[in-house]
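Chains A and B, in that order, give the protein sequences.
First residue of the first sequence? That's 1 in the working numbering, and the numbers climb one at a time after it.
First residue of the second sequence? That's 10001 in the working numbering, and the numbers climb one at a time after it.
Since the hints were derived computationally from the structure, they do not count as laboratory data.
Among these hints, one or two may not hold up.
In silico DSBU-like links for lysine-lysine, alpha-carbon gap of 35 Å or less [said to hold, decoys possible]: (1) K10201/B / K121/A; (2) K31/A / K10201/B; (3) K10130/B / K219/A; (4) K10130/B / K269/A; (5) K10130/B / K266/A; (6) K10284/B / K269/A; (7) K266/A / K10398/B; (8) K55/A / K10201/B; (9) K198/A / K10201/B; (10) K352/A / K269/A; (11) K10169/B / K55/A; (12) K10373/B / K352/A; (13) K148/A / K10201/B; (14) K10048/B / K10229/B; (15) K93/A / K10201/B; (16) K10289/B / K219/A; (17) K352/A / K10398/B.
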Amino acid sequence: MSMYQVGGSLPANFSRYVKRQADEDLYEQVKNHEYCYVLNARQMGKSSLRVQTMKRLRADGVVCAEVDITRIGGENSGQWFNSFVDELISSFKLTNRFDQQAWWERCDSLTPSYRLSLFIKEILLREVTQPIVIFIDEIDSVLDLSFKDDLFALIRACYNQRADNPELKRLTFVLLGTATPNELIRDDTIYTPFNIGKAIDLQGFRLAEAKPLAQGLQKKTDNPREVLRQILWWSRGQPFLTQKLCQLVELGERIPAGEEQTRIAKLVKLRVIRNWESQDNPQHLRTIRGRLLSDAALSVQWLTIYQQILQEGSIEANNSSEQMDLRISGLVVQREGRLWVYNPIYRCVFNKNWVDEQLSQQRPYADNLRAWKGSNCQDKSQLLQGQTLREAQTWADDKRLSADDYEFLNASFRWEADQIVAEARSEAQLQEQQAKAAEAKATEADQQFETAQRQLLQIKQRLAEEEQRVAKVEQRVAQEERKAQTAEHKAKRWTTIGSGAIVASALLGTFAAISGESANKAIQQQKAAEQKTKDVEERTTQLTTKLGEVRKDLHYQKVEFSNQKVEFSNQISQQGQQLNNAQNQKEQAQKQEQKARKQAQNIKHNLRIASISLEQNKENLADIWGISRSVSLMSRKRYTESLSELERLLEKNPQNNFAWVAKGFAYYEMEQYEEALKCYEAALRINLNDALALSQRGNTLFKLGNLEAAISSYDQAIKIDQNYAEAWNDKGVAWFTLGNIEKAVESYKRAIEINPDYSEAWYNQGIALVHIGAIEKAIESYDRATNINPDYADAWIRRGLALSSLGIERIDEAIDSYDEALKANENRFDALYFRGLALYRKGETQAAIESFERAIAINPNYASAWHARGVVLSWIKQYEAAIESFERATDINPNYADAWSSRGDALLRQEPTENLLLLPVTTVVPGNSLSNQRPYPVVIERPRPMIIRDTERIERALDSYNRAIAINPMHAGALYGRGNALFRLGRTEEAIASYNQALQLNRNYDRAWYGLGNAQFRLGLTEEALASYSRATDINPKYIGAWYNRGVTLLKLERYGDALESANRAIELNPEMGVAIRLREEILRHIGRTEDVNVPEQ
Amino acid sequence: MSRSLRVHPQHIETVRLAYRKARFSRQKELANELEMSLATVSKFFNGKPVDWDYFEKICDRLGLIPDEISLDGNNKDVSEINKITIEHSWQDSKPVSLYVNRPPIEERCFETLVQPGSLIRIKGSGLTGKTLLATELLKRALERGYQTAYLNLHLASDTEFESLDQFLKWFCLSVSDSLDLPNRLEDHWSERFSSQHNCRKYFEDLLVQAQRPIVLCIDETDRIFPHQKMAADFLSWLRGVHELAKIQELWQNLRIVLVHSTEVYVPLNIHSSPFNVGVPIELKDFDIKQVQDFARRQSVSLNEAEIRYLMSLVGGHPNLVGTAFDALKLMPVQSLKGLLQHAVTSSGIYRDHLEHLWRMISLHADLRDAVAKMINASQPVKLLPEPIRGLQSLGLIKSTGNYAMPRCELYRRYFQERLVESQAPAAGVMP
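Isolated chain B (complex conformation) (with noise of 0.2 Å):
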């Protein structure tokens, strides 16, 4: 009895194809909405395999017909099995040359970086480009001959998270893995010590085997988060290494990149916390140097006034700034204006993005509410912490504490005709 499935290889593209007509920003988006976990996502456009029921839903979201495109999971070959290996998200790099620089995070990160035993915090709500930045980082590092690994918490599946024990293997395997360099899970983990130690160890293992600094990204740091004893666990670990490398030359080669959107609700005491040391880097959206630089790169020409028009209804967002300079290359004719002007409704160049987060919102009534006090008033508006969160890791508020507006004009509007529209039937049935 087969109770996994995977894509048939010959159907790969189709499948990547439906992705893209779907119009997701990114895997995230569409493991978030059908809510499963990154790796299965990212299994399932792979042509690895997928539990069934995860397979029907991720059809049914993409449009798919499961039986066209799907072969037996249990049909692999042993080879795959055995090697565990961390998909770069294929649909989210882009060509270097388009990377925008936002001067002086660039420098100061890198400047870190060289630093024996550094530590870089990069945190920015959804969609500013983190992963962006920290790709940089690593192809910098990489460039001056440090080794890299990067590791994105989402692409854990959810029995890694089952206890401290099974995740830090988890991880130990994934940086040897990132990293080029043997499992040696058997020889380093024993039951005689903690699974702190252990992985400790394994590290001081793989430090020892690269001879040269090793810069760890590690991506979606929030997805630990909800599991509070683990994530306090995990990174008073990180901490605790971070601080070894004072006294160990050894450790010294260790740098850490910790990337996440939301602020960090594990209750830590300072001194075993990673977010109390180390080189913070608060991602923000564009400012207008930064869009014109962009625009540059793009190739899209536009004069002060209309990117200025631009942002005063998307602000500085880079996916939304993005999203406009793409629909404006294939078409080169339409003005600005134009594009714009059908921007909040269900039919413009958002619409799939703003349709994804309204998709999000409704499936959580806390968020709904946030969202619905937040879009009718002027000024910043003092929240419960968890919608914060959760509207920060969706990138659709800027916050200060437990104050938030949200990100940019469109969203506002948006949120507004959507919330009055919900409401509306409600109103209708009364008699």
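Just chain A, same shape as in the assembly (with noise of 0.2 Å):
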């Protein structure tokens, strides 16, 4: 067996232990009652110092205890300090000292760590009346533990009441593990017990300490000492190295005399630092290495400041966290106040070599950053760009990394943003030329729009023409047609003259024979007949002839002419097309133009921002990857993060003024506008040109309430940067606020001026237009807006408003509007709950409910959108849902007057034609005369199915009103609506002070002037009912009711002719009245007409 043993604690016996200052200054203090820590590296002897500390207090009769928190295990903490306890009664040897089981009944109430300290107070300390220390061993392992405070808290517990309980006193704890101070000791200090305790300083062996582990080398030298000087010196005294090295001596070859030195440096190369990671049995080298590369964060940073260590042989402590971290991984140590590689073997183990390759594993980039370093930093080549760049950001966003890296990266976003800069630059003109080009081609194709429609108008001249040509000739045709058609009816008069002449003279011949002469002369005018009739023929035929002729020609004309016209219309269709073409053309360039010149400008833009940053940040060039890592920490809204990063920035360079801002970005984001501001001035200070600078203090003063401040800041900013659009938009933000709209629209337009695609200001302008009354034109900014973001809700949904503030006819636009709204964000409740008003306007209650309950589902607090529905739904006369609604809205928003109202309107039933009075009518006795009878009142109950007078519910509505007149005394629905509750209860006067007090609000509230109106006519004040009437007629002229009521009225009044009048204008609205028709069937009868009435049947 080897007298040595590498790796584990040491047994209690083992005679070769290494007593070291350690050993004295625990037992010392742990004698002194004092509580104690070990925090060191793993394999440095804790454990075994542990044992041996117990060892010797056990024997001065101090009762100790060991806990090794990894053994402990648990589900949770109460199976954790359950058996933590348990551990507590074995070690203590407690076990039939006291009643467990009534003991645990009774902790199984208690919280897992008062247990604990239950079991220390009550039993430990009763039952052992020696001094006790517990010692906790691997305390590191409860880091991972989420209750680790909790026993931390107790530690520190027992030490605080030492004054109180001085029985306490007696007890003592030790805690040992591998863990920094920081790690164990969280912000909240109170709870920890690593300040009130004493730390003792673990350190390697030294020669003098060292000497029981010469025996063993006894063996195999005849100088051990000598031999133990050289081991020491190759481990500088690191417990574990120094005895497996006594191990490899003592199991190895006989050492001659005077060869100590070379014999062990050969050992140590040969059998632990060639091919280390295969031979390092026991675990300890990769044990180090693991701790070293554990933390992907960090990692990085520690292996620089390592390599730094390795380069200089030392640096300078500054207990800074990562030097912490390096220093409890055992790999450097603490000597007069710097930090050193601990020893030789780790140095030959962690060489220069091996560190570069690790980091160039960590780094993604690390190939491209040392050529980079080789070339004195003048390589560009090996600059990381676009994605590679990207990544390496992300990669190096949680971490914290060496000066190196941060050089290196700066370089690359420089070198990045220079080439961006070049890129856009000539994108911009390549845009430019494209532009033009396109203009180029956007008149060519208007010219050719032009000739084409010249074409056309000629063609079309042409056409007309010819038109006319034809026309002309038609015209000929006719008359030539007449001219026939006038001969022909001669000649056919000729022909009857004719062979009347014949007729005539075969007469007058019979006559001749009596008289020759006159036969003779009868002859001859038959014969001048006959000649005649044969000239009319002969005119007529060469007429027909003629006729004949000029149609052919006509017929000639018309086809050639239906010819040209083909022609025509094919040439017409042929330019049409041509001109559509050109049309589109046009169009089509005209539209490219656009793109190109838009493109341009927004290159421009960005070519501006981007010199512009560049610019600002000339001096401050080695900040850039700073403040971009802030600015993306940013924009994950990860601001604590990125505030610290920057507060990094300023501290090595105050002067930095873009971080100042970038701070007071992130102020202003957390909303500490105050902080915000001071950063801005800051900046300014620096600075006083920065133009974000000035408009982002412009948005801070804003946010503060300091609104003239704001716009001279804005002013400020624009001063500089004439198109600052952004300072335009946000001027004028602060001018509407101030009420100042024609300013506020002014600074928009500037804004669009400048930016056209600037969606955000369009609808600023939107805004401020509906505010001065010019809603068409507030749509057509909304327009403007959406068309440039389809996808911006808020401007869908103010464009919804203002036009279903146009009327009706555009509600449907409005739904649209809403729709889209809902198609950019479906989660936006407020579109619903407007589609849902919209909807209800157009009289679809069902889709109305349905929207309103979209705007439910996805915000159930939504309580405008609760009493929404609730009209909707007393308007189709579900009342009972309504109430609910109703309920629910109050119970959201207890001060919600409108919904107090309404839900009283519900209770109530209320319906327009409520309220109409009973009617003084004459019964009919069948075949009495009627125009003898006597009228006299009879009461007609009206129908009313729905209605049943319950007063527990009228008081209800009464109750609900008033508490809407609670919060709103102004409420004149509210108002008017208990006016009508008073009135069903019969408190005629209270309604009409009710009413009074609606219509003081109001005067032209019709329907309270008919309740009023009702009341009056109740309490025998006809005159006052009748003027109510009258005012609620005159407002509403299509108020049935009141017409009825006001005829009743008259009616009681004997002005029959005005009753009749009103009567029938109450019929007029609605023909099928009954009541109204019995109301002037009963006037009638007054005035006499009976003619009139319709005498009913029986």
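Using the hints, put the two chains back together into the complex; each one sits in its own frame.
Structure follows, in structure tokens:
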């Protein structure tokens, strides 16, 4: 068996235990009842120290127990603390000293850590009368436990309570483990025992201390002391390595005198350093390696610090957390205020090559960095760009890197920025060229279009001319035809005359026999007639021939014309097509031009921003990286981290105004406006002309309510940068908030001029325009905003509101607009609400309710939607559901006066036909002469199947109205409703007062006038009632109930003519209104116009 | 409805014969190949109820007809159900005199074993004789008057790995069973405490009962590695109780022997790992002296040249050497050269062993790729950790860190041929 033990704690009776200073320190402190902690690297002999100390203390009569945290385990804090207690029970041999069963049962209701505390005070201190020490080993294992603070608090409490409970002085805790105090102590120092205890410094073996180790070497050397000295030179007393080297000597060959140094060096090189990864058994070096590479976020920094130590031999110790981490790994040690590599073995194993390789595995850009550094930071081709740079940035984001890393990444960013600017410049040029080309094309297309248009016009003209010609020809043909017809007609007539003449001459001929002369005459006459006929016939023939010719001519002409017409129409359609093409081309060209212009503008804009930021940062180029990192953190809403990053930058360079601005922005986003303001002012102190800072300061002042100052800040920004669209826009918002709409609109206009694609400015302009009643213009403005950004839900909603304010005709457009808003963001419950309102106005009640319910599904606390849903449900007479809906609204917002009022209405089941006056009518006795019948009033109950006088319900309604009025004493609707409720309850005087209150608020409240009239009528104030009804009908000429009641009132006043007019108005509005028809009958009866009265059957 | 079957007592010998004919080196190989736990296979051969699916699979592999040899699994004696017995692998036990010493390993182990609270870790590739060494140690411990407990984690069924609590209960029960001590789980397992704590109390009780050192051998420790969280907890526990021995006498009576074939890949802090303390024993293949000793014990007479010739093919692979010796004993007339001539082919003496390895790597593409990469290289090649572990537990490689090479020439040549062969048809399909 070897005399040495490599790894693991040494048994208590191990004879070759090396006593160190720490042994004395710990023993003394614990004897003095001081709490102690031993925090050190692994395999430094902590546990062996504990074992030895326990042994010594036991010999002194101190009762010791040891709890190894790794042994406890457990699914939850209950099991954990219970097991802890049970460990103590068996360690202190208390198993049979108290009734465990009863004790545990008592503890079941207590919190886990309190059980431990109770055990210490009730059992341990009572049963054990000697001094007690509890060692807790592997304390770093608790770091992973959620309830570690409970344990620490308990230990701390045991110490703190020593003053009150002197018994506790007998109890001492010793904590051992591998962790930095930082890891164990968090922010809340109250709970940690690490600032009350004594730290025990555990160092490596010194030659004087290590004597016991020499024993085992005697077999293999005549000079064990020298061999040991050599071993300690290599291990620098690191216990594990020292034991390991001793064992190697013990099991190895004999070392001749004088060769100690070379032999040990050879041994170390062959058995420890060479192929160390496979020789490292038990594991030691691999643990150090594992710890160095364990944290992806910190490894690079650790390695870089270590690299520096390796290169420079030692560096100044500053107790930074990274240095502490390195120390706890055991790799480096602090001596005389400096950090050193612990021993030569580590220096050989974790050598420069090893560090380089690890770093290159850790850094995604290790090769580039090396090459770049190698070129004295000149070789730009090694810098990162594009995706690689983004990846490097993401990788670096949550890490703390070395100065080299940051320098390299900064250079990359700078290089990329330069390139982007250059690219943007050439891109802008290209785009401008394209825009010009497009413009030329557009002009050409324009010309082509004009030519085509001209040609078409010419063709059309020619066609018109031809048409005229054809018309002329047709006219001529018509003339000729008419001529021909006349001729024919004449010819016919002559023929008739001719034959008449023959008959006459025949007759005459008979007479001629008697008188020859006259017979001769007759024959002559006949001949003349015949001649004439012949002439006419001849002319007719001539004419007919001519007509035929003309017709033929006409036919030809027509054929020709129709041919021509076809040709023309072909030409026209051709030209039309050409025209269309030209038009299309023109439009396209214009569009292209627009696009190219816009692109060029955008690029110019970007270019400007890029060069501004480049310009601004010229002095602080080294910080671009940090800033981009902080901005990227901000964009992920990690403001606190971003702030600390910026503070780091500012600490280094307080003159970095961009960092100040960014810091201000972070505070601004965190809504800490005062802080933000300070940052911007700081930025402006450095550079008064920082437009960005000025405009941001404006925003901050705006948030702080100092609008004038905000505006002047924007103005300063604009002064520096005339084309600062955002500043113009923000200024507009400030003016708007101040109520100066004109100036607001002006500002927005400027913003839009500078950047026509500035959707927010268009949107803001829309809002301002609505404010001054320019609704159509506002809609145009919203249109622009939504054109630019179709996902601009706010703009869609505003657009919908503007449209619906234009009346029912535009309501469909409004609904479409809300739908677009929902397309952009389906969770916009306000859009659903407005949509519901619009649908309700359209009368689509079911759809409206659905819309409200969708809104509610998204936001169950949306009181307005609950209210609106109730209103629609009331409208379709689903009163109970409506009441429930209102009550949801008032549950959500108990100060929702409208909801209370509407609830009252629903409880009253108020309907438009409500409260019609009772009509005095004549009973009709069959068979009696109607004219002689004296009228006497009979009460005819009007049909009201829905209304059951439910006093309790009306009282509830009254309460509801009173709630509404208590919240808002100016709530006319509630006052009116209260009047109705009081009226129903018979409290007429109070009703009148309530109606009057409503009317004071709104003189045009028709229904309140009507209600007032009813109340007055009931009190017999007929004239006053008449006046009230008249007001109601004046305000609302379609108010049937008012007309009817007015009629009844007039009838009562025996003003039959006026009464009849009123009744007729009511019937006009609703021809099926039974009571009104009966009223008219009654009035007519009084007037005596019985003929108009329909005699009821039977 | 019976979902489980068992081998009829009358047919136990039949199935064991069928198993021998199938020429597996051990039951674990059969279990691995059929992707079931060793516990199941062991139950099968011991006539205990086995899930119907598994029963059929095993019969299928061994060329048995289930209906002829089976008995309804539900017809079992009550006494049998209650008693969980861990079967000693009946086919693995060889006559003790045949054990080949590998000085100074045995002495070193035994020296350690008599130390209070000692811990020995035996590591070696598959089929290097780890279990034989452990058995040898236990035997010697028994002779010295110690209590011994042998535990093969492969005999734990999958359900034991469902939770730490379940596993530790199985662990405790198996240990007390192996020690022939009564099951007192009921007395020591309390919901109030953590499983680890309960387990510790159980062991304290065992140690008190035993009143003398207990040697606890945990074989096939690798089985728990894939259950990383549980492995970390269990192994930390082992380390924890090992450390207890430093301060508590009672625990000094617990001596632990851990046997594993692959690197420990459970992420463990070194302070809570049992693999960073105690005495490590790495079991390598036989050297020439040991092979000679082996031959002598097996009464196989070979001269040094012949032995060197044998080792040029199979190295010091104990199992392969043993197979050659067995064959020589059966066919004394056959010269070694003749015997080995066809060793690499599917008709040689190693055919069953090689076929088994081939089936195993064919099941796992990553193993196959790793083998392909390795067999054509003259130097050790770098492989991913997972295939290395897989090949290590099959005993197919020699490895240092992430570098590996075939364990012997036989493997290299066999797989060279098989891999070429297996690729040929694919090439033939091409037009």
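Hints, verified against the model:
no., hint, result
1, K10201/B / K121/A, "holds (24 Å)"
2, K31/A / K10201/B, "holds (31 Å)"
3, K10130/B / K219/A, "holds (33 Å)"
4, K10130/B / K269/A, "holds (32 Å)"
5, K10130/B / K266/A, "holds (34 Å)"
6, K10284/B / K269/A, "holds (25 Å)"
7, K266/A / K10398/B, "holds (27 Å)"
8, K55/A / K10201/B, "holds (24 Å)"
9, K198/A / K10201/B, "holds (34 Å)"
10, K352/A / K269/A, "holds (17 Å)"
11, K10169/B / K55/A, "holds (34 Å)"
12, K10373/B / K352/A, "holds (32 Å)"
13, K148/A / K10201/B, "holds (24 Å)"
14, K10048/B / K10229/B, "holds (31 Å)"
15, K93/A / K10201/B, "holds (13 Å)"
16, K10289/B / K219/A, "holds (29 Å)"
17, K352/A / K10398/B, "holds (31 Å)"
Consistency note: the structure conflicts with none of the earlier hints.
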